[in-house]
Amino acid sequence: MAIDEKDVRTAEEPKATGLGLVKGLGVTLKHALRPSITQQYPEEKPDLPARTRGVIALKQENCTVCYKCARECPDWCIYIDAHKETHDPASGGKGRSMKVLDRFAIDFALCMYCGICVEVCPFDALFWSREFEYSEHEIAELTHEKEKLEEWTYTVLPPPELEEGAEGPAADEGAA
Amino acid sequence: MIAQSGVSLVDQWLESYWLVLVVKAAVVLVFFLTAPLAVGYVEHKVLAHMQARLGPMYAGRFHGWAQLVADGVKFVQKEDIIPSAADRWVFSLAPAVALVPYIAVLVVIPFSDEAFILNLDVGIFFVMAITSITVIGVLMAGWASANKFSLIGALRAAAQLIAYELPLVLAAAAVAMQAATLSLIGIVEAQDRYWFVLSQPIGFFIFMIASLAELTRPPFDMPIADSEIIFGAYTEYSGLKFAFFLLAEYGGIVVLSAIASVLFLGGYQALPGMDAIPAPLWMAAKIGALAFVIIWLRATYPRLRADQLQRLSWLVLIPLALLQIMGVAVLKVAV
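These protein sequences, in sequence, are chains G and A. When you read off a place in the first sequence, starting at 1, and then add 381, the result is the number in the working numbering. 268 is the number that the working numbering gives to position 275 of the second sequence; each next residue is one higher, with no gaps.
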């Protein structure tokens, strides 16, 4: 197919006036006079956005031990142990069995912060927290148990407001 | 003792020839070891802020003022490596050859009509002759390193420095013609009524560009272009020898800023109505302002290619400088 000459856009050859050189000096000077954007980290804590993937927090009472997170995890860094308990209803009748969480641990040395576990959790037991200062000297100490994961839930921020014109949450989610 | 203008302060205070000599040498050395550090620190800070960063903030507690002192201590501690294929003597001498000329030039720079070391009758001639020796140091470094990057860098440096020596000298010559003297103090005194930047703005422009190129500072840093030839002639250097090359670069900024202020900005002359501020402060302020401009240009412009460098010098700056000289000569005879 022949190329239509009209469709070919050619950049106009800029004239070398030297004005750009002066403008460039203006740009650097303007930046020099502005306050710098550096955050002096250890002294000054960064103000991270609410959805920062810092660490994964666990709300234990929401967990039903469905193992979805552990199975979906691409590198198998979630460890779950549970046992079954049977409770007799106060009104009498057949006992109801339920699972009780014994151990829930995430090995953050393996975790690649993909967030699939948070996405897949059907009962909102897992959350992203902004907390990021949990480095350790021993790699084994990066496996955090449910008590520590529970602590991190107190640092979880409410999700930010939707942007103007953004699609809201899917309407059929509650119905399904 | 009554202050006499035209006689160095040290000569007024002290009688003994040897004592005067020692004091003068000490003054030059101390100045040469502190002023470049100040410029280097300012460069860290100015570059950082122009890039929306903070620059050094920790060394010395207050805004990292001791960063270059810390760097100096670090360089002293580093291993002094000489490549086995290198020409040991030439390799070791090169930093000194690059550094000493700038120290020597400081001797003739006047900070007031009394605060100077030596008032040479051939001042500006001496300056131009001595500063061009630095090229030899760079060439020696590149040749003796037995490293292809060093050699490429050294030859680029030689080509560039030869090309820009000429406009530098021509611009200075035009000033010397207008001032009718070669002495740096004489040139400053000749700017009693107005600074030569007003009568020779093109000369000032040429001189500043040629100085930048002479210092191989960005945007004329083709000889050390670190993204293509590592660090040019200085690639194989480490420790103190490398520090000497850096010191030569920053010392060069101080020296060429000082020469430019003497030639074009009235040296230690005050602005009209501001005589209350002492002359040495005026000189220091002018050196500082020009050093800032040199740093500012580094933050702003990308590197010129080797052929662009040569074209700029031979086809633009040198003809302009020659025209300038002709103009000055005609006016000098006519007026």
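It cannot be assumed that every hint is accurate.
[Stated by the list, open to error] Now the in silico label distances, taken between C-beta atoms and shown as ranges:
| hint | chain 1 | residue 1 | chain 2 | residue 2 | range |
| --- | --- | --- | --- | --- | --- |
| 1 | G | GLU393 | A | ALA63 | 46 to 52 Å |
| 2 | G | THR398 | A | ILE155 | 43 to 49 Å |
| 3 | A | ARG304 | G | GLU394 | 56 to 62 Å |
| 4 | A | LEU86 | G | PRO427 | 47 to 53 Å |
Don't read these hints as lab results, they were simulated from the structure. Just so you know, even glycine gets a beta-carbon here, dropped at the ideal spot from N, CA and C.
These are the hints, each one checked on the structure:
1. G:GLU393 <-> A:ALA63: 46 to 52 Å: For ALA63 of chain A against GLU393 of chain G, whose Cβ atoms are near 51 Å apart, the range 46 to 52 Å holds.
2. G:THR398 <-> A:ILE155: 43 to 49 Å: violated, 30 Å
3. A:ARG304 <-> G:GLU394: 56 to 62 Å: Once the Cβ atoms are compared, 19 Å apart, the range 56 to 62 Å for GLU394 of chain G and ARG304 of chain A is violated.
4. A:LEU86 <-> G:PRO427: 47 to 53 Å: The hinted range 47 to 53 Å holds for LEU86 of chain A and PRO427 of chain G, with Cβ atoms some 50 Å apart.
Violated hints for the displayed structure, listed by number in ascending order: 2 and 3.
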